[in-house]
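Use the sequences and the hints to build the structure in full.
Going line by line, the protein sequences match chains U and F. Using this note's numbering, the first residue of the first sequence is number 1, and each one after it goes up by one. Using this note's numbering, the first residue of the second sequence is number 1, and each one after it goes up by one.
Since the hints were derived computationally from the structure, they do not count as laboratory data. Positions of the beta carbon are idealized from the N, C-alpha and C atoms, including for glycine. Since no wrong hints were added, every one of them can be taken at face value.
With the C-beta cut set under 8 Å, the calculated list includes, among others, these residues of chain F facing chain U:
#	residue
1	Pro65
2	Ala66
3	Ile67
4	Gln68
Anything over 12 Å on all C-beta distances counts as not near chain U; from chain F, calculated:
#	residue
5	Glu18
6	Ser21
7	Arg25
8	Gln31
9	Ile95
10	Leu163
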Amino acid sequence: MSEDAVNITVDGVPMKARKGEMIIRVTDANDVYVPRFCYHEKLPVAANCRMCLVEVEKAPKPLPACATPVMEGMVIRTKSAKAIAAQRSVMEFLLINHPLDCPICDQGGECELQDLAVGYGRDISRYHERKRVVKDKNLGPLVSTDMTRCIHCTRCVRFGQDVAGIPELGTTGRGEHNEIGTYIEASVNHELSGNIIDLCPVGALNSKPFRYRARSWEMTQQPLVSPHDGLGTNLYGHVRRGRLMRVVPRRNDAINETWISDRDRFSYEGVYSADRLQAPMLRDGDSWKSVDWQTALEAVAQGLQQAPKGGTGFLASASSTVEELTLLSRLARGIGSGNIDHRLRQTDFPAAVTPSLGMAVADVDALQALLVIGANLRHEIPLLASRVRKAAVRGAKVSFLNPERFEYLFPVAQYWVASPAQQLAALQVLVAAARGAAVGSEGVTAEHLQLVDSLKSNERKAIWLGALAQRHPAFGSLRGLAAELAALTGATLGVLAEGANAAGAHLAGAVPDAGALNAGQMLTTSLHSYVLLGVEPQADSLVASAAAAVAGARFVVALTPYASDELKAVATIMLPIGSFAETSGTYVSLEGRWQSFAGAAQPVGESRPAWKVLRVLGNLLGLQGFAQSASEEVLAEARALADGAAPQAVPQGGGVAAIAADAVVTDVPLYQIDALVRRAPALQATRDGMQAPQGAQGAA
Amino acid sequence: MTGSTSKIGLLTEHTRHEIDSWVARFPEGRQRSAVLSALRFTQEQNQGFLTPDLMEAVAEYLKLPAIQVFEVASFYSMFETHPCGRHHVSVCTNISCMLNGSDEVVAYVEKKLGIKTGESTPDGRIFLKREEECLASCTGAPMMMVDHHFHEHLTPEKIDGVLDALK
Ligand code: SF4
Ligand code: FES
Ligand code: FES
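Next up, the structure:
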């Protein structure tokens with residue numbers, strides 16, 4: 001470190017810096033502000049806007065702080081007359097062609113150009129020539145364009161090339177004819193595309209669904225956590241008068257850095273879908289009538305009391321909060337039922353082990369070798385896939401053993417397309433190779449050996465089982481083999497379960513007791529009654545007969561934000577509950593991070609946070625453990641329980657179950673995975689959204 | 001990214017050979033550096049202008065996204081992305097040439113060819129590209145550039161000679 005350190009002076013203040021570091025990094029770290037447009041900490045340096053010019057002693061001209069490495073003894077002035085004059089001149093140039101349409105621009109109030117124009121701009125322009133006009137591009141249903149406003153910082157271009165891996169955007173033409181666009185006008189299809197909205201410092205790229213909906217200063221900012229996958233992505237909900245208007249990233253370098261996926265960003269539209277359940281409803285023959293909460297809850301208590309012991313099935317969404325799942329599980333056991341599950345798309349149910357990435361999310365970037373088994377990673381956990389991309393671009397050997405070929409925008413070491421049966425066979429061979437079998441024996445080929453070698457010879461390595469592995473007809477065998485291979489090669493094993501809170505669900509007890517029914521069983525044979533928490537049985541499972549099984553019950557309670565057609569057909573009572581943004585709660589991410597959030601938006605209609613509904617139900621049923629007055633109390637109980645639980649390890653080996661040679665696993669389209677995204681019109685209008693829901697799945 | 005059918009076949013043997021030789025001059029994996037030369041030979045093979053198909057062919061051949069080829073083609077003034085005549089003529093009208101009568105040169109050329117600057121002759125022979133900025137040949141003002149060759153100290157006779165020789 002010491003020989004790497006250099007001493008510099010910024011505005012008269014001595015500072016230590018790392019040799020070769022860019023000036024702007026040092027000034028940022030020391031809270032010295034240097035204006036910028038094109039520089040972005042998470043993107044490669046382009047140095048094309050020149051807004052960051054600073055004076056450096058002995059340099060004949062001002063230098064760009066974002067692209068000038070520090071050197072021993074450098075004396076930098078960020079606010080000298082020379083620096084300010086340079087910055088002001090750049091601003092004047094930028095404003096020559098920038099339209100004066102701030103009053104009708106969505107970026108107004110949160111525009112970097114507007115902010116800096118206040119600081120560095122003149123109040124009159126010396127240019128009287130006409131401003132240029134640039135034709136708008138159609139980038140698809142998520143990102144709106146007003147390209148006349150573009151200042152050519154190329155952040156959007158660099159994001160596409162270096163982060164997303166889709167070099168579709170580029171700069172064409174020259175000088176005044178310079179434009180940002182795609183080669184042949186095409187929408188930008190990528191699961192992270194919305195990030196260019198945040199990156200664009202001006203109003204050239206904005207959110208299409210949010211267009212003209214609100215002004216930034218009218219909204220308050222509330223922390224949220226993504227309800228779509230187990231990464232634990234940090235979000236801000238922007239709320240105006242109780243209504244969630246949009247969702248943006250909340251920076252957390254340990255998890256999502258400054259990015260969020262498109263479904264994190266645009267699924268909020270689903271919160272206000274037309275089929276939101278406004279009030280509790282009771283079935284009345286073939287029709288439904290609204291009732292007050294008291295009547296509804298009493299009816300639920302009564303109905304559940306009539307069910308025989310063990311005759312009720314509890315199915316919960318894996319994106320329910322810890323608090324909800326804790327109370328649901330307590331309720332289930334309180335009325336004598338161990339039939340509770342959240343693994344709705346799983347088909348084989350080996351011993352339940354809390355899913356875990358097995359490592360810190362931030363360490364994924366530094367992996368050197370990775371074997372991914374059964375995962376459409378870019379769809380399952382988009383931002384994890386983007387970290388894998390970082391590792392792969394740096395040279396990590398990333399291999400896939402997948403039932404289908406999915407597109408990865410990075411170098412892939414080996415990609416094996418294998419049916420479920422072939423996946424098992426391939427893993428067996430890999431295990432044999434890891435045990436030392438040579439090429440030619442036990443089916444080992446040079447490729448097997450190469451893969452095993454990449455795992456063995458590298459220091460930072462992992463093996464992951466994705467959602468498709470968990471839907472595998474012999475998930476237990478697959479998991480056992482993967483665990484064995486991990487142990488033999490020294491790789492960390494990661495089990496990437498679906499849902500935002502799969503880990504929390506395990507810890508909160510939302511898995512069946514020994515001998516009780518799992519989700520697969522509950523959805524294939526009808527029970528006396530069901531309690532559904534945020535679940536649409538058909539759309540959320542892969543069991544063809546799921547709706548029929550639930551419909552066959554005598555009594556079905558649905559705690560749901562939505563009065564979907566599917567639920568209307570099977571439920572007896574529907575209780576309106578708050579969506580992820582309308583309740584306080586906690587998610588446990590796949591790296592074991594507990595993240596709590598408060599309710600950001602006002603619940604729609606008469607809906608209530610589900611944990612409160614369950615608490616009242618517990619009391620009505622006369623059960624113990626439902627006296628909490630705040631969700632924090634429920635959380636504390638859940639936490640104590642989780643901390644007291646013995647650590648679990650994924651069992652190794654355990655034999656290989658025989659499965660049909662033609663068995664298949666089903667991939668669920670990106671924007672069909674949960675009730676919220678299924679109801680977000682903008683996401684549904686994307687290329688991924690237009691992929692028809694799979695066979696048995698009926699989106700509401 | 002690009003269409004399903006390969007367009008590489010649109011590049012002639014000769015063009016591909018030239019591109020290969022340029023790619024070889026850069027380090028492995030830096031074939032993007034060869035875009036400029038690749039486009040030059042491709043434009044040449046197509047009588048003076050690039051088409052979307054040809055640009056995609058170059059992108060495919062160099063294993064680059066099409067936009068990266070289009071960026072270069074649209075940036076440099078020596079590339080034409082719309083149909084035009086095969087010989088590119090531009091008269092310099094910057095200060096030295098202007099002082100030495102470039103306005104008359106432009107007028108003469110336009111009259112002789114019967115087209116305005118920016119247009120091509122109907123027979124596709126000559127493209128009167130643009131009024132060029134200083135080409136650093138002020139000592140020979142007035143001057144014009146024809147297919148990257150400079151012609152200086154222009155007089156009507158000289159212009160006739162140069163333009164009439166173009167096939
Ligand atoms: S569109 Fe926005 S992000 Fe892209 S270059 Fe223009 S100003 Fe920068
Ligand atoms: S921020 Fe340094 S040149 Fe743009
Ligand atoms: S002005 Fe014409 S060559 Fe310099």
